[in-house]
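Number of protein chains: 2
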Amino acid sequence: MKIHNFSAGPSVLNQEVLKKASEAVLNINNSGLSLLEISHRSKDFVAIFEQAILQVRKMMKLSNDYEVLFLQGGASLQFVMLPYNLFREGGTAGYLETGNWSSSAIKEGKKFGNVQVVASSKDTNFDRIPKDFEIPDNLEYFHFTTNNTIYGTQIKDFSNFKGIKVCDMSSDILSRELDYSQFDLIYAGAQKNIGPAGTTLVVIKKELLNRSQRDIPSYLDYAVHVAKDGMFNTPPVFPIYATTLTLQWLEEQGGLPAIEKLNKKKANLLYSEIDRNPLFTGHAVKEDRSMMNVTFVLNDESLKNKFDSMWKEAGISGVNGHRSVGGYRASIYNALELESVQLLVNVMKELEQIA
Amino acid sequence: MKIHNFSAGPSVLNQEVLKKASEAVLNINNSGLSLLEISHRSKDFVAIFEQAILQVRKMMKLSNDYEVLFLQGGASLQFVMLPYNLFREGGTAGYLETGNWSSSAIKEGKKFGNVQVVASSKDTNFDRIPKDFEIPDNLEYFHFTTNNTIYGTQIKDFSNFKGIKVCDMSSDILSRELDYSQFDLIYAGAQKNIGPAGTTLVVIKKELLNRSQRDIPSYLDYAVHVAKDGMFNTPPVFPIYATTLTLQWLEEQGGLPAIEKLNKKKANLLYSEIDRNPLFTGHAVKEDRSMMNVTFVLNDESLKNKFDSMWKEAGISGVNGHRSVGGYRASIYNALELESVQLLVNVMKELEQIA
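Line by line, the protein sequences are chains A and B.
Take the first sequence: its position 100, counting from 1, is numbered 100 in this note's numbering, and each next residue is one higher.
Take the second sequence: its position 156, counting from 1, is numbered 156 in this note's numbering, and each next residue is one higher.
If you're looking for bench data, these hints aren't it; they were derived computationally from the structure.
Hints are all accurate, no fakes.
No distinction is drawn between identical chains; accordingly, a pair holds when it is met within one copy or between any pair of copies.
Below 20 angstroms or equal to it, Euclidean Cα-Cα: the simulated EDC-like pairs (lysine to aspartate or glutamate) are:
no.	residue 1	residue 2
1	K43	D308
2	K111	D215
3	K111	E89
4	K110	D215
5	K206	D179
6	K206	D221
The task is simple: from the sequences and hints, build the whole structure.
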């Protein structure tokens, strides 16, 4: 039976990507060697590495003002690296608080200086993106999380954001068309939209390198990685390869315009059902709904066991909600197919019929 | 043609390990899902994760005084984490300098306080392990690199080491029997003896957690990882799985006693030929020769092209030396088979015949 994987991350990848990744573990480029046992400085891997960077550049339409890195340690290490590199002693950094992950970023930022939480939606259990806030002048940088996996909210309008814009794009990277050059530093764990766990994409404006003037430990210094062309130390070879394959697949689908169209279609299908079906209520306010993570609850908790066994029987996996929200979370990242969303919607309709 | 992979790292893995890892990329535990797309908190992955930790504990014979973690960022990030966690303000840390990697560790240590290089073999291009040095009392810790990949030297006697012993074991981890409980902190990138690139093993004595009293960023704080049972953030799922398989394979071979016996046999075979064959000279002094990386040069450089084409034709890969030493480096890690070393020795003998 086909499994429909709505996991919040690590999450679904395309079958062709998995097939190629599996083959490479046995034999990369017909070399007779596994991808896992070749040098990261070998011709084969360097080509893979450079291709990943090139594809990011192309899809984000990045000029030479930007550097692209694949690091390790996830967004959690970026919460540390970004203030180390950008936060000058004595300054104030601004953070927008829209969920657990931005709260974690704030916690780490505070270890480097004065942090101002410019706006927060904590009071309403992060069911919305704060609006109408004023970003102070002279912030060291303004940090935000573009998509909030747990709560199912997403920032759609960046027009009032100003100063040096730093964002955690872990859960909606390369899922939509955006003017990526409006941002100064973008980072994202690969394991939701662009690959498996184990590597973190960092896109940084060159002029921000060496900004903080701190004595930064080498691994934590973006400028060190840039000076070594992204190979300061052994990169996570397999996660980067699977990411390269995913980016390639994304391009073959038609790139960001095509994937955004598909993602919108999937999201609309599911949100329409949530709004139509009297058994369900969405968590996020409508205008801030995420195209990536759809959060909803059953109005009548007594239907839980019935509903859970129905979607499990249908081959659906990973739709349990995070404990902070409860209910359900359907993660519908790039590689999730429309038919999987249709199946979930069908199960929701069936529940209505028999309830 | 079978390729004999003497790469210095990432390096050779056992064929059965590769086969299982390749299968898991398509379907893990017959779940219908790829290992790459399941949650790191799923039953399937948690079992893999716990097994890796258990196998390390078992092979190193670790008591409950130790914690075992699988982190990211390689030894390079450990160069930073170890002083952050262990180096108290105002103290002095001691480092033994035996090669490029220990020099890098020293460089990072200096960002946290006063560093004393207790002994160094830099003057003789790191062809030996310094002896007869005195380790001062009251050091914050004493740091050393147990095996030096580039130069082919290895520490065999730790009996005079004292204080808090911290070591980079990246290139000889789990390759020999040792009293591992004589060390206080051990770290190792997986990509030489125990897995592919992308995860770093850290073994730390519990009493060292929170030692430095610094305000440590969360990802860099061993105590944070320990408090979260090693899952503070999404671990590198695939690299850890391939590591679990490699540790399992190691155990099936008979564990450390058996692998040490094999590694000695491989090393003796190759060093005997280097010493016997008038065309070659070893780089490292005999008593400090590494069982993992065998470094040697041709006495007559004019034979280089001939020799290089001969080993390439034999299916040998990855024996070019590092630029710091020149000549050749045969890395004969755990998973390299005796027949591969025999083949290299045969080629060396053939060169002698025709030279």
